[in-house]
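There are 2 protein chains.
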Amino acid sequence: MNEALQYQLIKKCSTTKARLGKISTPHGEIETPIFMPVGTQATVKTMTSEELKEVGAQIILSNTYHLYLRPGHDLVEEAGGLHKFMNWDGPILTDSGGFQVFSLGDLRQISEEGVEFRSHLDGSKHFLSPERAIEIENALGADIIMAFDECPPYPCSHEYAKASLERTIRWAKRCQDAHHRSNQALFGIVQGGIYQDLREQSAREITALDFPGYAIGGLSVGEPKEIMHEVLDYTVPLLPENKPRYLMGVGAPQDLVEGVARGIDMFDCVLPSRVARNGTLFTSHGRVVIKNAQYARDFTPLDPECGCYTCRNYTKAYLRHLFKAEEILGLRLATIHNLHFLLDLMKKIRQAIQEDRFSQFSEEFLGKYGSR
Amino acid sequence: MNEALQYQLIKKCSTTKARLGKISTPHGEIETPIFMPVGTQATVKTMTSEELKEVGAQIILSNTYHLYLRPGHDLVEEAGGLHKFMNWDGPILTDSGGFQVFSLGDLRQISEEGVEFRSHLDGSKHFLSPERAIEIENALGADIIMAFDECPPYPCSHEYAKASLERTIRWAKRCQDAHHRSNQALFGIVQGGIYQDLREQSAREITALDFPGYAIGGLSVGEPKEIMHEVLDYTVPLLPENKPRYLMGVGAPQDLVEGVARGIDMFDCVLPSRVARNGTLFTSHGRVVIKNAQYARDFTPLDPECGCYTCRNYTKAYLRHLFKAEEILGLRLATIHNLHFLLDLMKKIRQAIQEDRFSQFSEEFLGKYGSR
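Chain order of the listed sequences is A and B.
Every letter in the first sequence is one number past the one before it in our numbering, and letter 87, counting from 1, is 74.
Every letter in the second sequence is one number past the one before it in our numbering, and letter 47, counting from 1, is 34.
Because the hints were derived from the structure by calculation, they are not lab data.
Be a bit skeptical, because a hint or two may be false.
Note that the list lumps identical chains together, so a pair holds whenever it fits in one copy or between two copies.
[Said to hold, decoys possible] Within a straight-line C-alpha distance of at most 20 Å, the following computed EDC-like cross-link-like pairs (lysine to aspartate or glutamate) qualify:
| hint | residue 1 | residue 2 |
| --- | --- | --- |
| 1 | Lys32 | Glu313 |
| 2 | Lys71 | Glu37 |
| 3 | Lys32 | Glu314 |
So that you can see chain A by itself, here it is in the shape it has in the complex (with noise of 0.2 Å):
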């Protein structure tokens, strides 16, 4: 058993993989299945700590990358840790900066050793292994921490695939080395791109490693949906059932259910706060883009199905004239509805799994929403 991270498995859908349960971490407890928003630079944009648990947050997600370049990670410890700089005191997840500087293209340049690259702010050199992401991430001080590996591009030939996976097999195991605050739950990752054979070497080789939950990497980076469904469906079932599993990455409404389905505890990305502030609203019969002339006269709420702050209080009319004025009350008021779209729909799933109709739930939901 983990000191930091419990895994509590409380129902399993009778018709899908879906699963009910609950993970224990030193700061607060966290219903699964979930969607953990992003707050990349150590606040999700737009919000405070109170509308975040206003809106349904358990957890959320900081970007190691980032806080790493700005402010840093000793200024952050100094400051007591992730927790009281942002005044967010529930569960935090940190990734390892991986998939951030492996995104930087020509900017980086991966060894064995680990992958040099230069800052996006004011292109400093700087260099990210195993062993620093670490370093990083205990100074951070977030309840669930990530091994440092690759996360290949798509398309990824075979050959790249395999070496990448092996590399970051042999990462996770220095990460592990490198890990030392018993308060800190490290997760392994496992990549293998859509090759089934390498997902499957992926999955054998990151559980003997013995993590106390493992995330699935490398989807939703490009890939058709049905490969990423087709990828789910072979490697979840090669994880522990004992432990969380996470997709990283993945946050559009409908892919939460089909992730949910194929037997997926945690999510989170940018996606639902971005497209939010670019006037992209999740609503219970599909996406609805605010600036629309057709809204300029609507005074009904966005989404009268909708409890979230937003909907209780304003038009879709004033919505618009928010987004056309570019004023930021806007962004506020798109993001918490954004938000509460997601983790009250994360909620609706976990009652449907434990009253059993996920199923009907789930075909309910992608009929009324849109499946794309």
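Following the hints, position chain B against chain A.
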């Protein structure tokens, strides 16, 4: 007695012209002296209505020029008026649009009939007259509406200032004739630049029209502080004691204290929220520029004497990080702080007048904060 507004003089300071009062409007009471946060485009930038109440806002101001152009006063009227449109159930004051169109410079042309101008948004041609301004303000539905006046620039010749104030008086009469809503109080505006004889003429002629309240316009437009104080010194005594007095466009902390001492009841200005968004913060010991390097590892609150949400929950180091990282939460926390600071200052001023120690309070405040 005016149907839409009553002013009650509660107490006069024994050593200055400061006075404590209460204004009753269709949307509630306002304790004076008061500062009015500005919600230019039907939103006080970054703030929700609940946050405005939490920082102590009793009345807010919105701009006729901006709302007329976008989303349009007819749309706001169709929404049920400005209060309902923006979800603010307290008192609102709208200006007449005069100040904004005169600020357009080459984009506008003045005649006895009114002002032709081009929109700053799309260059389209528009015409504002006293009748049109009142028609728009009637549609917006604020509790207090302002007459359409000309605010001459500084410096300005005696000849121009005289011609302008005389037109403003004629326009005030036309506004009065055009105004037809009994639940909105129309205020007259004293102009006359920095010339004592013209301020006297303007005050005499505008008060003869018997408005339920009077504003002093044309100050804080570039003239030295001493001149502003001098104009207030001889203008305020010309206004009737039984009606509220509003100093337009003034909002620096020291100016509020100086204005109250000269008998002003109401103030408005974008300054506190605008400088907040630039990272300049009012504190009991003067201004703080939060981006300065000295705050990078300052883990204390912005102002230990302040009880606002920002100071209760966040450190200078975190605020600085948010501003360096250009995060919206930084703009929010800064706006909350500055508005709370000003509204709390007004509360302290009211308490000081109530306890007849305003002179002492004023001296102490200006000593700590600085008088410039």
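Task: Hint check against the structure, violated hint numbers in rising order - done: none
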